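Novice: Based on these hints, arrange chain B on the given structure of chain A.
Protein chains: 2
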Amino acid sequence: MRKVAILGIGQTKIGEHWEKSLREIGGDAAFAAMQDAGIEKVDSLFVGNMLSPIVSGQNQLGTFFADWIGLWKQEAVKIEAACGSGAAAFRAALMAVASGDVESALVVGVEKMTDKAGRDVTAALATAADADYEVEQGVSFVGINALVMRRYMHEFGWKHEHFAPFSINAHANAMHNPYARLHEKITVEKFEKSAMVATPINLLDASPIGDGAAAAVIVPAEKVTKKQRITVAGSASATDTIAVHSRKDPMFLQAAYLSAKQAYEMAGVSPTDIDFFELHDAFSIMSTLSLEACGFAERGQGIRLGLDNEISIGGRIPVCTRGGLKARGHPVGATGMYQIVEVVQQLRGECDKTQVDGARIGIAQNIGGSGATILTHILKSDV
Amino acid sequence: MRKVAILGIGQTKIGEHWEKSLREIGGDAAFAAMQDAGIEKVDSLFVGNMLSPIVSGQNQLGTFFADWIGLWKQEAVKIEAACGSGAAAFRAALMAVASGDVESALVVGVEKMTDKAGRDVTAALATAADADYEVEQGVSFVGINALVMRRYMHEFGWKHEHFAPFSINAHANAMHNPYARLHEKITVEKFEKSAMVATPINLLDASPIGDGAAAAVIVPAEKVTKKQRITVAGSASATDTIAVHSRKDPMFLQAAYLSAKQAYEMAGVSPTDIDFFELHDAFSIMSTLSLEACGFAERGQGIRLGLDNEISIGGRIPVCTRGGLKARGHPVGATGMYQIVEVVQQLRGECDKTQVDGARIGIAQNIGGSGATILTHILKSDV
Chain A
1 MRKVAILGIG
11 QTKIGEHWEK
21 SLREIGGDAA
31 FAAMQDAGIE
41 KVDSLFVGNM
51 LSPIVSGQNQ
61 LGTFFADWIG
71 LWKQEAVKIE
81 AACGSGAAAF
91 RAALMAVASG
101 DVESALVVGV
111 EKMTDKAGRD
121 VTAALATAAD
131 ADYEVEQGVS
141 FVGINALVMR
151 RYMHEFGWKH
161 EHFAPFSINA
171 HANAMHNPYA
181 RLHEKITVEK
191 FEKSAMVATP
201 INLLDASPIG
211 DGAAAAVIVP
221 AEKVTKKQRI
231 TVAGSASATD
241 TIAVHSRKDP
251 MFLQAAYLSA
261 KQAYEMAGVS
271 PTDIDFFELH
281 DAFSIMSTLS
291 LEACGFAERG
301 QGIRLGLDNE
311 ISIGGRIPVC
321 TRGGLKARGH
331 PVGATGMYQI
341 VEVVQQLRGE
351 CDKTQVDGAR
361 IGIAQNIGGS
371 GATILTHILK
381 SDV
Chain B
1 MRKVAILGIG
11 QTKIGEHWEK
21 SLREIGGDAA
31 FAAMQDAGIE
41 KVDSLFVGNM
51 LSPIVSGQNQ
61 LGTFFADWIG
71 LWKQEAVKIE
81 AACGSGAAAF
91 RAALMAVASG
101 DVESALVVGV
111 EKMTDKAGRD
121 VTAALATAAD
131 ADYEVEQGVS
141 FVGINALVMR
151 RYMHEFGWKH
161 EHFAPFSINA
171 HANAMHNPYA
181 RLHEKITVEK
191 FEKSAMVATP
201 INLLDASPIG
211 DGAAAAVIVP
221 AEKVTKKQRI
231 TVAGSASATD
241 TIAVHSRKDP
251 MFLQAAYLSA
261 KQAYEMAGVS
271 PTDIDFFELH
281 DAFSIMSTLS
291 LEACGFAERG
301 QGIRLGLDNE
311 ISIGGRIPVC
321 TRGGLKARGH
331 PVGATGMYQI
341 VEVVQQLRGE
351 CDKTQVDGAR
361 IGIAQNIGGS
371 GATILTHILK
381 SDV
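Top line first, the protein sequences correspond to chains A and B. The first sequence begins at 1 in our numbering and counts up one residue at a time. The second sequence begins at 1 in our numbering and counts up one residue at a time.
Just so you know, these hints were derived from the structure itself, not from any lab. In this text the structure is predicted, and so the values were computed from the model without any measurement.
Listed next, the stretches of chain B that the computed footprint assigns to chain A, with coverage defined by at least 3 CB atoms under 8 Å from CB atoms of chain A:
1. 55-67
2. 95-101
3. 130-141
4. 238-251
5. 369-379
As a list, the in silico DSBU-like pairs of lysine-lysine whose alpha-carbon atoms are at most 35 Å apart:
6. A:K3 x A:K226
7. A:K13 x A:K73
8. B:K261 x A:K73
9. A:K185 x A:K353
10. B:K3 x A:K261
11. A:K190 x A:K20
12. B:K41 x B:K226
13. B:K13 x B:K73
14. A:K261 x B:K73
15. A:K3 x B:K223
16. B:K261 x A:K41
17. A:K73 x B:K3
18. A:K261 x B:K223
19. A:K73 x B:K248
20. A:K159 x B:K73
21. B:K3 x B:K13
22. B:K159 x B:K13
23. B:K248 x B:K193
24. B:K73 x A:K3
25. A:K73 x B:K159
26. A:K261 x B:K41
Okay, the calculated bits of chain B under chain A, using three or more residues with CB under 8 Å as the criterion:
27. 75-88
28. 254-268
Backbone N, C-alpha and C define an ideal beta-carbon position, used for all residues, glycine too.
Isolated chain A (complex conformation) (with noise of 0.2 Å):
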């Protein structure tokens, strides 16, 4: 496949935006996108969005933006994989230009959830765990979350207050993002009296739903002229069993194992020459999972690398730079792109006080379900 690189990114603050439109707000990430990118036009228009159907009564998402910001005629389509839906949307982007049927394409996740009460929206994240053996039974999304980090507590011989890192450092560096949804400083203390959500998960193991979009442009990379490329050196997708009880073991991310190894090997990388990793933090029990999964720590050892400090800006493995899921905020189907577009701030340099020194490849990877889909991708820069 041909090579493709990322041309231009742009996206919008995390919030409670009742005064703008979905419309608005896809389309305002699109356009700064395209003015990041320097064209007015694209082929394709790829849209990653997981709850307009039930939230906003809108199907059709690529098509509804094509319109909205000006690309009549062009391609448009949406896909939906859960949390994992803009991740999942640049994929399909990168393999039509990667196809050569396509000479560029724009790549839009965007998400509006809180219109809506928050019950509805509890019950339309459901939508993404297994309706007829999971949700039936009455068990909410981050009640499947809770069982999963009670079970690692319990074989590992973790307590809560061990987690306290993972959300300390996502919310630490997303008091340098403008972006986030959350400026906040966290402590321990802080974080071990949180509000109880599904037991052991608490608000502050919990990332916040939002309102928010993040969009890339990405075109053939021979066609690159900047300095300074950015290419996908890395992508991959893979699956696990829908409803979390069907794993042999419910605690061991093998659609992130599968991905990420089948992504390195994409990109000739191994785990040691990845400099920073943007991961799918949507319960901190999810990092350590995520970074054992990925070859960063062995199985039930992932929690060591929070206490002994290596994830944040400097240590072995800096994650969640721009504040992750847990502080920046989480527009399920948006959040993919916003790790891609992370990813390219972190290669461009631009992270002012979160940046990693000489950052040269990231791992963005996003998740959809409780470890269902499960897509990774690596971003390289050439400079």
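Specialist: Chain B in isolation, oriented as in the chain A frame:
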């Protein structure tokens, strides 16, 4: 891009399958396609679906089906473009195989709609239209098409009865398709006396919804060792404004014209080379608009092809040879894949009494919304 071939096809009978779950319906078509292809595993799964988040409370259908049919670990994703979801999933799979990153893909178009009450399905289908500027006004999806049909009749001087041949032809062809929802011959009299849905669209102008799934396995063409090889000669997707009222001319299917033009160019063919046309007759008005936009008739004159008997088997351009949306049925997100499967059946010479003699090149055209997203695929037989 490298050439791609269709190795196997599968489909289920369309109907009200209250005894079968969403899983089972999609799985049946998937297994049939894999068996027909003679393979047990594929690299990637692409699922086309429109309504499951709303009707079944289930998102992430890619992984949902990968899990169900035993494609554990493999890549899986869902594509949505309203009623164009099936062809959109097919095109996404095509890009993936054409890129060289994926060596085999299974595409499943699936929809389960009849478990809900009629008014709920009508509301769900309206998510294909513009929620803010069409649906908000109280117009249903059939209502929008009725406005277009009325304008067409006024503009070009046709009467309602002149649309009858499209429905009569579809019903006649479906008599010989065991997978079709309706097996009932109709006449002009019956057509004219049918119950009104949204003036001037009556029940026999409109396609019935249904539960169903259709699937295909695709691989690089060079890997096919069978004597007859069916390849994807042309593929294109184009869009129009999502709201019909935003178009300069609501009776011109711009996206059909553009995607057909691009597909013709890619395949190196013109309308006179086409042996048959599986068009998207969601409503009878769409048949004439599609024939006009794709170069088979002048503006306002597509209807003559019906009146002159040119659309039936043996005519100049046979359409809906397996019953079309009108009589085979329209399980919305699955329809595009039924069309692909039917084109393959014709090219293989498997259509018995509705076989187009010497069929070598066929088109499948799938529409999302009221002409908003249109995908055109041209399939060719090597023998």
